[in-house]
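Here the protein sequences line up with chains A and B, keeping their order. Residue numbering for the first sequence follows the working numbering, beginning at 1 and increasing consecutively. Residue numbering for the second sequence follows the working numbering, beginning at 1001 and increasing consecutively.
Rather than coming from a laboratory, the hints here were simulated on the basis of the structure. If you're wondering where the values come from, they're calculated on a predicted model, not measured in any experiment. Heads up, the beta-carbon is just placed ideally off N, CA and C, and yes, glycines get one too. Misleading hints may appear alongside valid ones.
[To be verified] Reference listing, derived: stretches of chain A covered by chain B, where coverage requires no fewer than 3 residues with Cβ under 8 Å from a Cβ of chain B:
# : stretch
1 : 6-20
2 : 34-41
3 : 47-57
4 : 87-95
5 : 152-161
6 : 190-201
Residues per chain are reported as follows:
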Amino acid sequence: MADLSAVRADSLVKNFGDFRAVDGIDLHVRQGEIFGVLGPNGAGKTTMLRMLATLLPIDGGHAEIFGVDVRREPHRIRQLVGVTGQYASVDEDLTARENLWLFARLQGLTGTRAKTIAVELLERFGLQEAADRPLSQFSGGMRRRLDLASSLITRPPLIFLDEPTTGLDPRTRGQMWDTIRELVTDGSTILLTTQYLDEADQLADRVAVIDRGRKVAEDTPDALKTQVGDSTLQLNLADGSDTVLAANVVRRLLGEEPVLTPESGRMNIPLPDPNRAADVLIGLREAGLGISSVSVAKPTLDEVFLALTGHGADDEPQMEAAR
Amino acid sequence: MTTTSTMTTTPLTPRRIDPSAVVARTTARSSVQETWVQILAMARRALKKMRRKPEQFFDVLIQPLLFTAMFAFIFGGAISGSVSDYLPVLIPGILAQTALTVCMATGVQLREDMDKGVFDRFKSLPIARIAPLAGPMIADLIRYGLASVLTLVAGLAIGYRPGGGVLGCVGGIVLTVIAGWSLAWIFTWLGTMARSAQSVQGISMMIMFPLTFLSNAFVPAETLPGWLQAFVKVNPVSHVVSAVRDLFNDGAVTAEVGWAVIGCVVVVAVFAPLAVRSYSRKM
Ligand SMILES: Nc1ncnc2c1ncn2[C@@H]1O[C@H](COP(=O)(O)OP(=O)(O)O)[C@@H](O)[C@H]1O
Ligand SMILES: [Mg+2]
Chain A
1 MADLSAVRAD SLVKNFGDFR AVDGIDLHVR QGEIFGVLGP NGAGKTTMLR
51 MLATLLPIDG GHAEIFGVDV RREPHRIRQL VGVTGQYASV DEDLTARENL
101 WLFARLQGLT GTRAKTIAVE LLERFGLQEA ADRPLSQFSG GMRRRLDLAS
151 SLITRPPLIF LDEPTTGLDP RTRGQMWDTI RELVTDGSTI LLTTQYLDEA
201 DQLADRVAVI DRGRKVAEDT PDALKTQVGD STLQLNLADG SDTVLAANVV
251 RRLLGEEPVL TPESGRMNIP LPDPNRAADV LIGLREAGLG ISSVSVAKPT
301 LDEVFLALTG HGADDEPQME AAR
Chain B
1001 MTTTSTMTTT PLTPRRIDPS AVVARTTARS SVQETWVQIL AMARRALKKM
1051 RRKPEQFFDV LIQPLLFTAM FAFIFGGAIS GSVSDYLPVL IPGILAQTAL
1101 TVCMATGVQL REDMDKGVFD RFKSLPIARI APLAGPMIAD LIRYGLASVL
1151 TLVAGLAIGY RPGGGVLGCV GGIVLTVIAG WSLAWIFTWL GTMARSAQSV
1201 QGISMMIMFP LTFLSNAFVP AETLPGWLQA FVKVNPVSHV VSAVRDLFND
1251 GAVTAEVGWA VIGCVVVVAV FAPLAVRSYS RKM
């Protein structure tokens, strides 16, 4: 029992008909860490999480959670994992308090204990005023919080969060981040998925990047970012037809491959060192190429993707290719 | 509606979570007692929903009243010579038909419910797979009871005088409720199998009509052609109707009551496991 892993998955596979949504993913989450799974829409994040949570049968590979076999002992796994899905899985026809009471009773808490835990969680998640209102009056952020609260009733040692902040406004997002960090100080391990590099950066100790059902990288957020460069130079050329010439200039000066959007004359250039932005600008002027706007930004998921896979996060022919 | 709120930093309980201790406490499956508590919690959820959406009682309330009056005056003369002679035959038949309608609603509502996000949570919780199915069916006992009593009251209002007295009537209603609950497992199974609530509705209709009309619910079996009689005789609905007639009209616990109960047990024994299996697979 010296193994301190929370999740250990080897070559997980999930097929939907002919389409392989998860294609041999290995995952190793250590106890007490926040592990991020980063990937664009359709990468297979939800599918992977649902397999680990016993919500989908595992088609291939092997998975253990705290040493318990996921496929063989689903009932035990369900006692170890709190699941907060991408879409709130709470009962729309009940109030927040009734939801928490129901989930507590289902998990064997006594009637009195179910009531007190509901009160505690409502308070902890700032829902006490809305406790007895129908959920139809809840905002997206409130629903997410209730959903997360529902996953914490029995204080599970492992918590799955599927895109916990997608669709939330920045302030609510920040609050959710704080809450997630608190959960770790309680001793829980967290496996979360996200489409945002900055979210993984803010929260995760380690990140796996998933693309088309495969893991393309696994590292700390800092290491991932340095693979792409600390920042990106974003240029809009005055004349869109100049993009090829401009790209040649960049390659010669920096040895980096820019991401091009020729239709809008746009160019994103990975910058290992922000100071070299000036070199590019001077180089372009010497080549007689005009610029309409320029900015330096942190790398986006798209750039991480391009660096790791050679294709952007948005061009995704995977469904079509599979059919 | 604003979302002004603060998230306080009070931990749930101060102790840190120890994963290996939690693993040691896990169980391989829910015990019988745990399952029972889960079923009751699910029943309570269903009752809360019923209270919040009383319009779902509409069919339960309207159908017995409407059908009792309609069938009595349309078929009464033709089948039994007069309305008052037909009522002892008709009322138990309507009772069975109403119970089946409620059964059908059970399946349709389960399907609708299963498509909602909360079922994802039910599946991710360590609960017995039968609880989300059996819970609503317990709450439905209220509907069967209500529908049965209303049918009887409608009959009394147009002149039905059951010879079995109060005890016979109570017995007949209890039997109807048991039968309704048992037959509902067929529709629950359909609910877990079908793709949508509409298809449950469609398939249920196709099952419900033969079950009610190819029984002795509205006409004496002897008037039917031989090949139909064969089906009518094995149809559990026929036995329930005969048993309820015996209880209502004579206050007698006859062999028919025994057959009806056996029929119900068989239906539950076959369809409850089928429903649970199909529900567990739908993940
Ligand atoms: N039930 C399903 N049937 C068929 N295809 C599915 C199903 N669920 C997901 N997919 C497909 O699998 C791929 C991965 O989906 P998903 O795991 O939801 O991705 P993500 O969560 O990373 O956005 C997508 O192409 C999606 O269309
Ligand atoms: Mg997803």
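Status of the hints after comparison with the structure:
no.	hint	in the structure
1	6-20	violated (count 1)
2	34-41	violated (count 0)
3	47-57	holds (count 5)
4	87-95	holds (count 8)
5	152-161	holds (count 5)
6	190-201	violated (count 0)
Against the hints set out earlier in the document, violations occur for numbers 1, 2, 6.
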